[in-house]
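Novice: First to last, the protein sequences are chains E and R.
Mapping the first sequence onto the working numbering, position 5 (from 1) lands on -13, and the numbers just tick up by one.
Mapping the second sequence onto the working numbering, position 415 (from 1) lands on 397, and the numbers just tick up by one.
In case anyone wonders, no lab produced these hints; they're calculated from the structure.
Only a predicted model underlies this, so the values are computations on that prediction, with no experimental measurement involved.
Using N, Cα and C, we set each Cβ at its ideal position, and we do this for glycine too.
Please note: incorrect hints may appear among the correct ones.
[What the hints assert, rightly or not] Some but not every residue of chain R turned toward chain E, in silico, with C-beta under 7 Å:
hint	residue
1	L62
2	N63
3	Y72
4	N108
5	E112
6	V115
7	A184
8	T268
9	D269
10	G303
11	N307
12	V314
13	Q417
2 protein chains.
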Amino acid sequence: MQKTTTVAQYLIDKLKKEGVYDIFGIPGDYVIRFFGELEKCGDFNIITTCSEQGAAFAADAYSRMNGLGVLCVTYCVGGLNTVNAVAGAYAEKAPLIVISGAPGLSERHNKYLLHHSVRDLNSQYNIFKELTVASCQLEDAATAPYEIDRVIGACIEHKRPVYIELPRDMLDAKCAVPSYHPISPNKKDENTFQEAINEALAMFKLAKQPVIIGGEEIRRYKLEEIFTGLLEKAGCPYATTILGKSIIDESHPQFIGVYMGRLGDEEVRDYIEHSDCIFILGALNTDTNLGTAQFDLSKTIFAAHDTLRIKHHFYNNIDLGEFINSLSEQLVNNEIRNSFKHKEPICFEVQPDAAISVKRFFERLNSFVKENSVVVCDVGDSLFGSVDIKIPKGSSYLGPAYYTSMGYAIPAGIGVSIRRPDMKPVIIVGDGAFQMTGYELSCYVKYKLKPTIFVLNNEGYTTQRYLQEGEFNNIQDWNYHMLPIIFGGGLGIEVSTEAELEEALTKADMNDSSFTLINVHMDKFDKSPTLYRFTQVLSEKIHA
Amino acid sequence: MQKTTTVAQYLIDKLKKEGVYDIFGIPGDYVIRFFGELEKCGDFNIITTCSEQGAAFAADAYSRMNGLGVLCVTYCVGGLNTVNAVAGAYAEKAPLIVISGAPGLSERHNKYLLHHSVRDLNSQYNIFKELTVASCQLEDAATAPYEIDRVIGACIEHKRPVYIELPRDMLDAKCAVPSYHPISPNKKDENTFQEAINEALAMFKLAKQPVIIGGEEIRRYKLEEIFTGLLEKAGCPYATTILGKSIIDESHPQFIGVYMGRLGDEEVRDYIEHSDCIFILGALNTDTNLGTAQFDLSKTIFAAHDTLRIKHHFYNNIDLGEFINSLSEQLVNNEIRNSFKHKEPICFEVQPDAAISVKRFFERLNSFVKENSVVVCDVGDSLFGSVDIKIPKGSSYLGPAYYTSMGYAIPAGIGVSIRRPDMKPVIIVGDGAFQMTGYELSCYVKYKLKPTIFVLNNEGYTTQRYLQEGEFNNIQDWNYHMLPIIFGGGLGIEVSTEAELEEALTKADMNDSSFTLINVHMDKFDKSPTLYRFTQVLSEKIHA
């Protein structure tokens, strides 16, 4: 006999089974009873932010650290306020379960329009279909458990958002706990697999200057260990994409830097683009990752979760982890082929009275970021400048480097802090981006989170000034460092010179009781070398 | 010979032709050249907010005051950040043109994914199809002018949002200025029209207690004058829906109040629900407007832009304005049938040491709101409490009373102030809603706007406490009145007693140089009579 349960209870049990006990969101009347159920059950930590978008960015960052995140919101006014953030999670492969309340089925047969509705009662569902790999409306108790399993299964498989809509009168609907006959996954074809391995091995064996590029899927599919195994067996240099930055410890001796094509460091680019065998493992083929790459496809092996391309041909149904693992096992030629010349480490000497330049700010940050930190970046020079921060042992890096939605970092820091209270977030955000979501600092006080935050205050949208200058690139100057007065907690410091920055860094290091926000004044036209290259490339497109 | 122009220029000329010279938005690389063109042309006032959602709410409010509004954003990270606000404009019929940049056609044939993209290059377009009455992607210069005309025409006709996507390499594409043979609209059928008028007139003539309810379409289609004409000819009492509040001057002697069914004032409800002939003109049939109405359909005439229902049958193709006008002209029985007993006006006497209750706060506001004001409300008791504010001559009321997205009022205040610099906005917002979008106050400093803002500070989501209490209804307390320190302008005042409130109101009245924000402390469980009724009705649904 099948065990019975309720729709809400089945969903709650499923979240527990997947090991997610932190839930981000804001209640509203269509979902509030589900919040009540979550609270009542006692096993969940419900983190409420100021706005739903903040909750979504926080859940996204949490999912990147954890492997799965959950967002819970009300109908339309809640859900539709997370569309941009969920789009970012889709674009950059963050596995996120979005649960939305909805009008009860019994309310839908009335003659009048229900509040929070848009065109009709499928509008939100239709919109989320564009942003997710699976979605469902739990309108039938008999199928609800299967729908929940299918949708959450797709989230885990594809590492992308999914959407579950829960009508408010379906919570207590009785349903049966499914008993499954598990279906075995597509069995791989051994001949195909071995042909692919052999071809890749042969390319590697003949190569004089092989190189490996690791991408974000290495972390998303938890392949760090086998990726490291391959690196060490291969002995050649490796880089990462910007989305894959810090997939493993950047103090690894074979690490040469972040590869970004024409946007990135020139020595790294030169080495890779002159390589005669390039393994690109687990990377998204995006413009910011590889869009300005200039290498010959006939020298590349591009292996990702859903693709294996060697030179110009494709192999189907090759598992990324198995591929890396087999390569590693079967590699025999392990003579070291590593001629990359590392730059001399920069010896940073403070120039006390000097204004703070973007370049020197990031050079200084290299020694500020210590073990067990998470560097969380926003968009613009926060992202580009931070590419050169060397992420130390036990530390990590997180930035929305492809979707590049401004305002990501401050709410993302909430998700990071909740998931890893043992690690210290270092958050870097531009003033324009801070004005979009900086109010979520309020949650740092509410939940006693203690990151260090740098607001790069250059009076507006500096990235854009190099594309098209205009009055519209200027923003109101805020006294960002005074925000602790508003939120009732936190330490704020304003700095303009290198000496002031040093003092602030010392205070931030010593502050164990709250967040520290450092308002860093910079020249409005100053930019990092990466941003310089980026605006060169982009200007060509805009003024084509 | 046809005149030639460019796609960007045609769009700019069309906006000018429709008389919209204020444009709200934030630039990004996919749209920044269009911002450059707008600025260069010198005729537009470009208002940049902190976040795109803020720009969208501002443009929505502007459109409600003006008859048309324009929002201009970048691709996905911009556009998708406005989805919730545009959904609200759709739901409540605010005519809004959304212009979004997009990747250039020439960039789309590359092998890599373009930044800011979601699933594919139609994702944002597909999403906006759910939120608009017409949309286009300007991918062909030959059809672009026709598409622009069609889409903007639909916005004006349906008073709902439309979406125009402009690839960044199409700005300079040459196109011909169309020469039109205007198509005459569907000619009305005289027999149908006269049958409808006759039926309505007959019902009115026989009625002992007729009543008129005016809705938001009266303002949207600029029918205020002919609506007033009908009222005065009919001589009977009239109410408005909450979305239609203040369509005409509430000091009109026939005005009896806002009708909201079980949610609203009991005397107004009683009079209307005992009426034997109810004209409902230009109202949306939503739950907050009419969803809890308890009257017999066989006594109603429901005339809106797209519907005429008399009793239980429908007439097609009846223009709302013509219908009201003809009724007015043909009404002959003009004996006064008005037995509504108005309440004694409340004589508000300050109790200096008393804490500020919700009820007395709104009673006091009745005399604070003077001629030439615009009361802008957010959601929760800001909305419900303000229903009873009597809007004086030359003044107006604006609140998202159906879609009810929290966080509307502060950015909406920007749109109102830009459109009507001659009117004084009085903005009422709860603390929870303020935490969602209150950072847009920054724009009040940037653009020197001078409204008075009341933050109803009751420590969280009070409306929800009565639906389902839980930790998730509590928010961090902010020193809202200290925000002028952050933004570098504005006057902030904190009040807890009636005497303090009086002093603050005096200061607000005298402040001609900046916004005034009053942080009004209230008990976390206190609520207005309307909110009390609302939570009663809603609780039945949630705990059904």
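Novice: For which of the previously enumerated hints does the structure constitute a violation, in increasing order of number?
Specialist: 6, 7, 10, 11 and 12
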